[in-house]
Amino acid sequence: AQSVTQLDSHVSVSEGTPVLLRCNYSSSYSPSLFWYVQHPNKGLQLLLKYTSAATLVKGINGFEAEFKKSETSFHLTKPSAHMSDAAEYFCVVSDPNTGNQFYFGTGTSLTVIP
Amino acid sequence: EAQVTQNPRYLITVTGKKLTVTCSQNMNHEYMSWYRQDPGLGLRQIYYSMNVEVTDKGDVPEGYKVSRKEKRNFPLILESPSPNQTSLYFCASSPPGLSGYTFGSGTRLTVV
Chain A
218 AQSVTQLDSH
228 VSVSEGTPVL
238 LRCNYSSSYS
248 PSLFWYVQHP
258 NKGLQLLLKY
268 TSAATLVKGI
278 NGFEAEFKKS
288 ETSFHLTKPS
298 AHMSDAAEYF
308 CVVSDPNTGN
318 QFYFGTGTSL
328 TVIP
Chain B
15 EAQVTQNPRY
25 LITVTGKKLT
35 VTCSQNMNHE
45 YMSWYRQDPG
55 LGLRQIYYSM
65 NVEVTDKGDV
75 PEGYKVSRKE
85 KRNFPLILES
95 PSPNQTSLYF
105 CASSPPGLSG
115 YTFGSGTRLT
125 VV
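Protein chains in written order, with our numbering: chain A, 218 to 331; chain B, 15 to 126.
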């Protein structure tokens, strides 16, 4: 069975400092992993995805994530936070063998302090 | 513009009054899915569809129905809404494979 654990429900960083949002997954198969962002009162936007190619994945807006199979982790990072990064972030695991079902983490709320 | 369109964006209804939330996508995607989002619980899948006339239950299907008569449309039906179905609902679509889902803007439903 697939599942995702986002280790922090809230993260606060100062503008210009690094961002780290942690995600651990559990999967019976070689997983596909995604990060989505949800700005207030908006839908979900795909940030980046890992699909068994390069383990370091670059996404939009300067975000990247590294797939570490030995640690079953897929942490999201950004070198320098911007005010516009304040949002809810979801880590997602997918198993294409089960009809593209997505399994969401409970989300991490990122606050950026000016 | 490629998109998933949900209607309505906001809906307040009374317990027991049947309602339908529509979802349409213009990307010719095979897969479509409905999710509900509740504080502290993330998004949970209600139903999904792998193609026309092919639907299956997700994690929280109780109290919901869906149909997939056309590829582009995937309506969510609440036959007898109850207050515990007050939530933010998202429709999403995806091609087969590992592209990830494209999400609609959401429907905020309140059942009183």
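In short, the hints are calculated from the structure, not lab data.
Nothing here was measured: the structure is a model prediction, and the numbers come from that model.
Even glycine gets a Cβ: it sits at the ideal position worked out from N, Cα and C.
Mixed in with the good hints there might be a few duds.
[What the hints assert, rightly or not] Partial list, derived from the structure: chain B residues whose beta carbon lies under 8 Å from chain A: (1) Y24; (2) T27; (3) G54; (4) F104; (5) L112; (6) G118.
[Claimed, not checked] Using 27 Å as the maximum straight-line C-alpha spacing, the simulated DSS-like pairs for lysine-lysine come out as follows: (7) B:K71 to A:K266; (8) B:K71 to B:K83; (9) B:K79 to A:K259; (10) B:K31 to B:K79; (11) A:K275 to B:K79; (12) A:K259 to B:K85; (13) B:K85 to A:K266; (14) A:K286 to A:K266; (15) B:K32 to B:K85; (16) A:K285 to A:K275.
Right, here's what the structure says about each hint:
no. : hint             : result
1   : Y24              : violated, 11 Å
2   : T27              : violated, 20 Å
3   : G54              : holds, 6 Å
4   : F104             : holds, 7 Å
5   : L112             : holds, 4 Å
6   : G118             : holds, 6 Å
7   : B:K71 to A:K266  : holds, 25 Å
8   : B:K71 to B:K83   : holds, 17 Å
9   : B:K79 to A:K259  : holds, 25 Å
10  : B:K31 to B:K79   : holds, 14 Å
11  : A:K275 to B:K79  : violated, 38 Å
12  : A:K259 to B:K85  : holds, 25 Å
13  : B:K85 to A:K266  : holds, 25 Å
14  : A:K286 to A:K266 : holds, 15 Å
15  : B:K32 to B:K85   : holds, 24 Å
16  : A:K285 to A:K275 : holds, 15 Å
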